[in-house]
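Q: Just so you know, the sequences run in chain order A and B. Going by the working numbering, the first residue of the first sequence is number 21, and it counts up by one from there. Going by the working numbering, the first residue of the second sequence is number 61, and it counts up by one from there.
Because the hints were derived from the structure by calculation, they are not lab data. In this text, all values refer to a predicted model and were calculated from it rather than measured experimentally. Be careful, since some hints might not be right.
Non-contacting residues of chain A with respect to chain B, defined by C-beta distances greater than 10 angstroms in every case (computed) [as the list claims (entries may be wrong)]: (1) LEU24; (2) TYR124; (3) GLY182; (4) ILE191; (5) ARG214; (6) ASP220; (7) ASN229; (8) ASN232; (9) ASN325; (10) LYS339; (11) LYS344; (12) VAL417; (13) PHE418; (14) GLY429; (15) GLY468.
Coverage of chain A stretches by chain B, computed from C-beta distances (three or more under 8 angstroms per stretch; other residues unrestricted) [stated by the list, open to error]: (16) 81 to 95; (17) 100 to 108.
So, partial list: chain A residues that the calculated Cβ filter (under 8 angstroms) puts toward chain B [claimed, not checked]: (18) VAL61; (19) GLU62; (20) CYS64; (21) ILE66; (22) SER67; (23) SER68; (24) SER69; (25) ARG70; (26) MET139; (27) SER355; (28) PRO357.
Don't be surprised by glycine CBs; every beta carbon is placed ideally from N, CA and C.
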Amino acid sequence: MEFLEFKNLLFEKAKKQGFSEYEVYYSNKEESSINVSDEEVEGCSISSSRGAFFRGMIRGKLGYGYTEKFDEDSIDVLLKNVRECAEFAENDKDEIIFRGSDEYIDVAIFDEKVNTLTMEEQVNMAINLEKRVKEISNEIERVAGSVFRCCKEEISIINSKGLNLHSKQSILSCGVVPIAKEENNMITDSEDVRSIFLSDINIDRIAHNAVNRVLSKKQATSIRSGRYRVLMSNEVMGYFLNVMKSNFYGDLAEDGKSLFKDFKGRSVAAPILDIMDNPILGKGLATRSFDDEGVPTKPKYLIKNGVFLGFLHNLKSSKKQGVKTTGNGFKGNFSSPIKVSATNLYIEPKNVSFQSLLNSMEFGIYITDLEGIHSGADPITGDFSLSAQGRIIENGVFTRPIKQITIAGNFLEVLRDIEIVGDDLKFNPYTIGVGSPSVIVRELSIAGEN
Amino acid sequence: MLSKDIIKNTLSAALSSKGDFAEVFVDDHLKNNIVLSSGKVESLASGRDYGIGIRIIKGLKSVYAYTNDDSLTSLTNTAKKAAEVLGNIEDREDININLVESHNVNRHPIIFVPAMVDTSKKIDKMKLVYSGAVEHYSEISQATVRLLEEDQRVLIANSDGLFTEDRRVRSRIFVNTIASNGVDNQLGSRSPGAMMGFEFFDMVDLEELGKDAAESAVIMLNADYCPAGRIPVVIENGFGGVIFHEACGHSLEATGVAKGNSIFAGKIGEQIASPKVTAIDDGTLSNQWGSLTIDDEGMLSRKNVLIENGVLKSYMIDKLNGKRMGMAPTGNGRRQSYRFAPTSRMTNTYIANGNDDNEDIIRSIAYGLYARRMGGGSVNTITGDFNFSVIEGYMIRNGSIDMPVRGASLIGNGIEILKNIDMVGKNLDYGQGMCSSISGSIPTNVGQPLIRVNEITVGGR
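Extracted from the complex, chain B is given alone in its bound form (with noise of 0.2 angstroms):
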């Protein structure tokens, strides 16, 4: 992408105001989004995002800037202008950066490149998908299909001497359905991905992801309104480890951590969780939406035990943020693009498989809400409040799911979540998104079992 002698001498400009440690990540991004709506391929926008973003830290203190343009005079007049940041610039003599290539093996083999693929094939793609949407459901008036291609290489060098590379190759489809009965409309939606090429949309039965997101909206059409309680919940694979994403994951990452503003700071060791809990970050995971090879920092992606049987055994650490807490760095440093510097972050979060039989799990409970789908909410890190909505449920009664509710909503507190799963089943499954944080918007995992949580807030009516 760019020589070691022009990243070499950015390095060395970095550091020209005596800070201790300089980055430079060259990123080089093709995006794709195709767009049918009513069957009609409606847009076809695509782009290449480019630009340099440079990172200087002196102390705990850093600076980041970034550019598009990678002429030599432009990356060593922007990092001068970040180092002077942090102190004034002088003539030093002392730097000297040896940088060794580093080769990582592609844990992620990609088969067909999205720009191999011709668009036709893409769109036939799309259209299995909007009649599997359309065809099987009256009620359905609107179905969007979106399809999503990325293709993204980047240059990773520091000043101890990294230089490496990586090539991330994602796709993803998304699929709406509004079901309608003239007065109300409910949506019905799907949305799998991988870090896979083309060769992702051949594994997945496109009309039944359709039809299956049409159902999700006929159902909920003609469901009831969710009583208000404190009662037991039930909570699918899958997407529903959105709750743990959220409601505690975030709170793990040293971006939280290390400067105090989180639940779990300074509690490694502790039992935080019931002893069914084991929850992991596995950035490592052939193939899945939030694996890497490397991290946005150059370092390889790892398998974090987070929580083992209930006690906390790590966080999630970025480079800048294992100096605050004087921990190392596992893996977890990431960014949306060059645009942002890194922090720590999830990759594939999810609460590992337990010893529950799913059926003893629904026949536990008298009266309570099974969560068969997950939608949005949000989180307060530094209180660990937290609340989601549901989007399909059903009660259950005497130990049998019952009649499908709408309009539940799941509010609580991370701590007390962890201590109240007390039945994890041994489906595990993953559900895609994209996590926000002060880094950008990154591909993230959620994952876990069936699991119960004995008692949660549901609101409702």
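Only chain A is shown next, with the shape it has when bound in the complex (with noise of 0.2 angstroms):
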């Protein structure tokens, strides 16, 4: 069955049923990935996957549930667990459904070239960058592998109020992991790009930083422990700050998984830093002109010169703290129901040079890569302890390489901490949506050898 024809079928059910109002999210994914090892394609993955998320309001309680089969069957079947969803639940009735507004704002988040881009095209280049990898050194001894990825998304919400939107995302992600080889041990790294536009990946750009990620690690040894003044790269801070996002979530703060909360006007931070989440960023992998309820999105500040501004919210969770609805309901999956979730977040760049954030380190570290960040991070406490590497910075050069170190501290002492901020803001491809500029930390504690 077509999505319209499901949806009216849907709504009509519903409307017999007894629901006084209710909504459909409904989402349609094209994706195509190809692996390549030795020159040629290993693996490739073809889909096209649609599933629909319904939620209705029966005798004033709020029900909800999905499905990716289209048919009567299958309506009648979500109804009905959406009809005893409600019945059973004794969640608070805040739940809200939208009526709409006028207020959207125009992005540009989806590359008709996509469209056209064969598995031909999408292969070669996944080939070329291998290729190319191997080109620029003999000291990559192999390639690991080399990824190409598309994805296109169209995503629709309706509701009985006359909410009827619609939009279509592309997303490309390109990538290689070359290995170098020195005396006893393997030294890899992974340079992976992402991006809603075609004309971002550059396969040459991808090659020379993967092979230059590699070689930066020959020779590589750990560091006395201690404490040291630190250089965060632009890709790690963007990484940290993205597993401690959740602080801003006004329904975690509700629960009270925020460190943030009770915050609200006051100092957090060094007065020089500046977060906010900007759901119309161009080009950004989070940006949007409406959230996942349909209310549009806009561009706030969380944090300003060090003060808390307040939470990111999505209608439910405004509600109960009666304040309006940032724009922030968001699902992690066309089937999950609506939580908070931010944009494109990140520490807003300021006018320092990476050069002039060298020449201001005496002695430091630079810190390059973090592990473990999901197991050795907690956003509740803020205590971290992550396996970590880097290079040493001398009177503003770098000098050697460093690995097996850890560093260790807390969020909110990383956000007091902050010295220096550059203007390299850059989007980590792994957090989709979350990055930062190079920042200086005035210490934090490394643990290496004794």
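Reconstruct the complex from the two isolated chains, following the hints.
A: Below you can see the structure in the form of structure tokens.
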């Protein structure tokens, strides 16, 4: 059954069954991914999938459910499940179905080029990436693999109050893992690029960056444990902010799971720090015109001059706290219920070049990699203890690379200890929308050798 | 589910670029999740996942495609698109696939299918767990109970003529409790499950389950930090088997072995473990959480003896990796859903009972650690290095279990630990978990009797 036919039948039945308000969220995704190894396609996946999530109010209570099967039988099962959900859930009655607005801002998040991009072209890009890496340096022993992915998603949100929104988004990604050998071990790293636009995928640049990452790790050793001045690379700071971002979420704050609870209007970070959530950022991977409840999005500061201004909210969490929604109601996946989520979240860059950042380090450590971030960092306490890699900086110059170290501390302390913010804002390809410039942190505890 | 005709046409389209093997996996999966938070029903989320996965193999290369649209046009188009990646599409007259329906006796009989049971009954069961969790210890500040039910129907067909269906019904209950003394919080949880319907919840003493979880949290709240050192460790039965699963199990899957990315590649016939260790992966165990009648490639599941008296006997092998290795598949081809191509995975993996009495095992230790409950961890299958957290631990002093300790972790290497298991008890039991790998997240059992590892590095303060 086509979606429109499905939706009409679904709404007709919902109304008959006594639903007073109802909404369907529909997602239609097409994805392809190519894995290349030894300059040949090793594996390839092509998919087309769609799903519908329904929520409705019946006898004053909200129920929800989803289906990936689009026929009449599925509609009956879906509505039965939704009625049961409404009947038994003892949650509060603050769920809202939104009627829509006039204030949507247009955003460019779809590259028409993906409609004509053939599988052959995608395969060639992945193969050429591997070839290029090997051409650039003969210190690269082999390439573990290169990957090219293309994803298109269409979303529709339609409800009984007249909301009728549609959006289409493309995301392309491309990456490679070169391996170099030195004495007894292998050194490896990965370079990945993710973008809405095909033109941002530059095979040559990816290859060069990948090779540089690996070769700059040659002859890395550990360092003596101690407290050091740290220059967090833009990627690492973005990755770190990504783990801690749930502290900005209003629904979690309500449950006592945010470090910023009761901090509105108070200083939580160094005065130089500004953090914003910007859903209309050009080329932002999380850029959207409306959230998953159909509320228009808008940019807002979370922290300005070090002062915490307020949480991100959706309709339900904002109602509970007596404030307006910030347009941050999102689902992790079409099949999950609405929670609060950031869009493009980043530390605003300042006018300080990377070289100036280096020059202000008499002796310190540049952190380039963090591992174990999902088990070694706890957003609720803010504590972290993570495996890391980087380089030593002496008098503004990189000296030797370091590995086998851990950095430890607390998120709030890091925010307060940021001394200088650079101009090189970068969005980490793994975080879908979270980014940062490079920043200097006054002091962090580093464990290495004794 | 889908007709033979539609499947046949899809397979033919898949072979239109001279692939040597094609497979169709139809997956219709109902899921239901009920969450009880602080005694109140917080959510009741249910849904239906439905899709078809098409796999084509040519030599050792493979392509995988999936879609939710089960119309003939969509399936043949998807199949052709995938086939194109492997070569030019040709109009082939010679493809003649003869699908022969095969019926498998269901080894895991289900009595009460989840959809047939009233939701109020399910909530009643959950409330029993909740009262067990909060009514016995005043230190318990929070308890959450989650009930999970799944009903999956699959149809598997391939160009060798296979056409078969299967139904998997699973149930599981989770309880998480938090014990608090105003300064510290400690977590205590339990999560039993089975390849069973609602009758599973009649087999478990639900109040006791809740109380058990709470007791763990309270004991650990009052525990000292574990000291660090290299000492003997006794690991309790049941979920303690997670050590074998992570440290060795993954390294015995053809997924790694076939490409030489495993510490056990090329070692069949070698003594890789202490002679006290016999390890088995058995997908046939009746109604167990990790069991299957047929795997996700349509093969009957089997009992595979992986290690016998310390000698490596077998790997777990799926079709494609079997081709790479020149070895027959073992009924271990599994995938989370139609969105994934299958690869070799575990089912119910356990260390078999040995000959040592449990009391002797504890008595043998002058100073060591008793790991009563294990938590999560991670492993690098290429190097074999692993680390784990011990959720509930106790010191052993002079042959007796002594004070509880917390914050212990165990680190080591897969090859080393197998050789250091020197006492194996007699109380084999299983623990349930979800295992993640390249073909997604799947239900597996781990298991073992009480075992002694004569030396492991215990990380603590």
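Q: For each hint, tell me whether it holds in the structure or not.
A: Verification of the supplied hints:
With a minimum CB-CB distance of about 15 angstroms to chain B, A/LEU24 clears the 10 angstroms threshold, and the non-interface call stands. Even its closest Cβ contact with chain B, about 29 angstroms, leaves A/TYR124 beyond 10 angstroms, as expected for a residue assigned away from the interface. At roughly 26 angstroms, the least C-beta separation between A/GLY182 and chain B is larger than 10 angstroms, which holds for a residue marked as non-interface. At roughly 17 angstroms, the least C-beta separation between A/ILE191 and chain B is larger than 10 angstroms, which holds for a residue marked as non-interface.
At the 10 angstroms boundary, the C-beta of A/ARG214 stays outside the reach of chain B, the nearest C-beta of that chain being 20 angstroms off. The claim that A/ASP220 is not at the interface with chain B holds, since no C-beta of that chain comes within 10 angstroms of its own (minimum 24 angstroms). The beta carbon of A/ASN229 sits about 25 angstroms from the closest Cβ of chain B, which is more than 10 angstroms, so the claim that it is off the interface holds. Listed as outside the interface, A/ASN232 is consistent with that label: its C-beta sits roughly 24 angstroms from the nearest C-beta of chain B, beyond the 10 angstroms cut-off.
The beta carbon of A/ASN325 is kept farther than 10 angstroms from every beta carbon of chain B, the shortest such distance being approximately 34 angstroms. With a least beta-carbon separation of about 18 angstroms from chain B, A/LYS339 lies farther than 10 angstroms from that chain, consistent with its non-interface assignment. A/LYS344, annotated as away from the interface, keeps every beta carbon of chain B farther than 10 angstroms; the closest lies near 25 angstroms. Look at A/VAL417: its CB is around 34 angstroms from the nearest CB on chain B, clear of 10 angstroms, so calling it non-interface holds up.
Once the 10 angstroms rule is applied to beta carbons, A/PHE418 is consistent with being away from chain B; the minimum gap is 29 angstroms. Even its closest Cβ contact with chain B, about 18 angstroms, leaves A/GLY429 beyond 10 angstroms, as expected for a residue assigned away from the interface. With a cut of 10 angstroms on Cβ distances, A/GLY468 stays outside the contact zone with chain B, its closest approach being about 17 angstroms. A count of 9 residues in the segment 81 to 95 of chain A with a Cβ less than 8 angstroms from any Cβ of chain B is obtained; the coverage claim is therefore met, three being the minimum.
Counting residues of the segment 100 to 108 of chain A whose beta carbon lies closer than 8 angstroms to any beta carbon of chain B gives 5, which meets the minimum of three for the stated coverage. The restraint placing A/VAL61 at the interface with chain B holds, with a minimum CB-CB distance near 6 angstroms, inside the 8 angstroms limit. Hint status for A/GLU62: holds, given a least beta-carbon distance of 7 angstroms to chain B, under 8 angstroms. Of the supplied interface hints, the one on A/CYS64 holds, with its beta-carbon coming within about 5 angstroms of a beta-carbon of chain B, less than 8 angstroms.
Taking 8 angstroms as the C-beta contact cut-off toward chain B, the hint placing A/ILE66 at the interface holds, the least distance being around 4 angstroms. At about 5 angstroms, the closest approach between the beta carbon of A/SER67 and any beta carbon in chain B falls short of 8 angstroms, and the interface hint on this residue holds. Of the supplied interface hints, the one on A/SER68 holds, with its beta-carbon coming within about 5 angstroms of a beta-carbon of chain B, less than 8 angstroms. A hinted interface residue such as A/SER69 counts as satisfied when its beta carbon comes closer than 8 angstroms to some beta carbon of chain B; here the least separation is about 5 angstroms, so the hint holds.
Contact between A/ARG70 and chain B, as hinted, is supported at the beta carbon level, the nearest pair being about 5 angstroms apart and thus within 8 angstroms. Hint status for A/MET139: holds, given a least beta-carbon distance of 6 angstroms to chain B, under 8 angstroms. Because the closest C-beta pair between A/SER355 and chain B is about 5 angstroms apart, less than 8 angstroms, the hint holds. Of the supplied interface hints, the one on A/PRO357 holds, with its beta-carbon coming within about 7 angstroms of a beta-carbon of chain B, less than 8 angstroms.
Comparing the model with each earlier hint shows no violations; every hint is respected.
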